[in-house]
Amino acid sequence: MLKANYFLKHPLATALLCLLTLTSQAETPENPVDVDKSKWFHQTFLPNGDSWYNNEQQHYTDRLINASTYGGYLEITAQKEEFTDQDVTKQFTSARLNSKFAFTYGRVEVRAQVPEGHGTWPAIWMLPKDIKEMGAYFDLQGYGEVSWPDSGEIDILEHWGRNQNYAQSAIHTRSSFGNTINLGGQPVPTMSSKFHTYSLDWDEEKLTFSVDGEEHYTYSPPVKNSETWPFDRDYYLLLNFAIEKDIDPSFKRGTFFIDYVRVYDQSGKLAWSDEFNSR
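Each residue of the sequence shown is one higher than the one before, counting from 1 in the working numbering.
Watch out, some of these pointers could steer you wrong.
Okay, the calculated beta carbon distance ranges per label pair [what the hints assert, rightly or not]:
| hint | residue 1 | residue 2 | range |
| --- | --- | --- | --- |
| 1 | Gly178 | Val223 | 18 to 24 Å |
| 2 | Asn277 | Val223 | 25 to 31 Å |
| 3 | Lys194 | Lys224 | 34 to 40 Å |
Calculated pairs, DMTMM-like style, for lysine to aspartate or glutamate (alpha carbon to alpha carbon, straight line, at most 25 Å) [said to hold, decoys possible]:
| hint | residue 1 | residue 2 |
| --- | --- | --- |
| 4 | Lys132 | Asp212 |
| 5 | Lys132 | Asp259 |
| 6 | Lys39 | Asp248 |
| 7 | Lys206 | Glu109 |
| 8 | Lys252 | Asp62 |
| 9 | Lys132 | Asp85 |
| 10 | Lys37 | Asp259 |
| 11 | Lys269 | Asp201 |
| 12 | Lys252 | Glu109 |
| 13 | Lys252 | Glu204 |
| 14 | Lys37 | Asp130 |
| 15 | Lys252 | Asp130 |
| 16 | Lys269 | Glu204 |
| 17 | Lys80 | Asp62 |
| 18 | Lys39 | Asp155 |
| 19 | Lys39 | Glu158 |
For the record, the hints were derived by calculation from the structure and aren't laboratory data. Every residue gets a Cβ at the ideal spot worked out from N, C-alpha and C, and that includes glycine.
Input sequences plus hints: build the corresponding full structure.
Listed below in structure tokens is the structure:
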């Protein structure tokens with residue numbers, strides 16, 4: 001056994017001991033923490049037979065390697081690997097999370113940093129609680145009644161790696177969906193090197209999207225009916241990282257970092273959040 005005065009005489013040994021102690025106490029990539037299952041649901045079921053929509057190339061899994069929290073962030077990681085699930089083999093894996101919280105009107109703030117790579121497609125978005133989508137959290141609870149696009153969809157952030165420094169927002173309704181005209185965005189030169197706050201302000205009249213407080217798109221149709229305004233009921237949040245068909249052949253692994261997710265009601269009171277840096 002080393003005597004106490006050994007460390008007094010050998011400051012390098014003292015420093016190494018402190019470093020080892022801190023490392024053993026800290027969360028590391030070898031010891032990740034699962035997402036809070038009281039707040040999030042892993043959506044892994046293939047809803048479109050043997051694939052996801054939009055010709056996405058990945059399997060979504062509930063493994064820690066694809067979604068976990070450590071270092072103060074939620075990390076959603078897509079990687080190239082052969083993976084078989086539901087009798088279907090794909091060459092990429094990732095994660096898709098549904099919030100177990102749904103709400104009508106308020107403000108959403110998500111602070112995030114996106115990955116790089118042509119063909120990567122991380123997103124922060126919302127679907128209604130009553131959408132019919134096999135494998136989605138609220139559909140499994142029996143709420144599914146309305147099909148897309150009649151259901152509506154709110155895309156707070158969609159980021160395509162082929163347009164690396166651009167943040168896009170969009171909405172989808174029965175009157176405008178798919179390659180919709182109802183979209184907007186702005187250049188963000190540091191999307192993959194810094195964190196930015198992506199926000200939605202939602203009330204009875206309009207949806208307004210912004211990055212770091214700078215607005216880039218407002219949707220407010222002059223006539224609000226079931227075709228133009230399905231945004232009058234509860235929606236839940238989704239965080240995912242998809243892989244497109246034209247993924248760069250050299251892509252091996254990328255991570256979508258989320259610092260926090262916050263939802264405020266119309267009075268400005270915090271209604272729901274996940275502060276990943278608190279774990």
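Going down the list of hints, with the structure as the test:
The given range of 18 to 24 Å is respected by Gly178 and Val223, whose C-beta atoms sit roughly 21 Å from each other. Checking the proposed 25 to 31 Å range against Asn277 and Val223 shows it is violated: the Cβ atoms sit about 43 Å from each other. At roughly 37 Å, the beta-carbon separation of Lys194 and Lys224 lies within the given 34 to 40 Å, and the hint holds. With a C-alpha separation of about 33 Å, the suggested pair Lys132 and Asp212 falls outside the 25 Å cut-off, and the hint is violated.
With a C-alpha separation of about 30 Å, the suggested pair Lys132 and Asp259 falls outside the 25 Å cut-off, and the hint is violated. Of the supplied pair hints, the one linking Lys39 and Asp248 is violated, its CA atoms being roughly 33 Å apart against a limit of 25 Å. With a C-alpha separation of about 17 Å, the suggested pair Lys206 and Glu109 falls inside the 25 Å cut-off, and the hint holds. Using a Cα cut-off of 25 Å, the hinted pair Lys252 and Asp62 holds, with the two alpha carbons roughly 19 Å apart.
Annotation: proposed proximity of Lys132 to Asp85 holds, straight-line Cα distance about 22 Å (limit 25 Å). For a cut-off of 25 Å, the pair hint linking Lys37 to Asp259 stands: about 17 Å separates their Cα positions. Of the supplied pair hints, the one linking Lys269 and Asp201 holds, its CA atoms being roughly 13 Å apart against a limit of 25 Å. Restraint check for Lys252 and Glu109: not satisfied, since their Cα atoms lie roughly 30 Å apart, outside the 25 Å limit.
With a C-alpha separation of about 43 Å, the suggested pairing of Lys252 with Glu204 is violated against the 25 Å cut-off. Using a Cα cut-off of 25 Å, the hinted pair Lys37 and Asp130 holds, with the two alpha carbons roughly 21 Å apart. Using a Cα cut-off of 25 Å, the hinted pair Lys252 and Asp130 is violated, with the two alpha carbons roughly 36 Å apart. At roughly 18 Å between alpha-carbon atoms, Lys269 and Glu204 fall within 25 Å of each other, so this suggested pair holds.
Restraint check for Lys80 and Asp62: satisfied, since their Cα atoms lie roughly 16 Å apart, inside the 25 Å limit. The suggested pairing of Lys39 with Asp155 holds, with an alpha-carbon distance near 20 Å, which does not exceed 25 Å. The straight-line distance between the Cα atoms of Lys39 and Glu158 is roughly 22 Å, inside the 25 Å bound, and the hint therefore holds.
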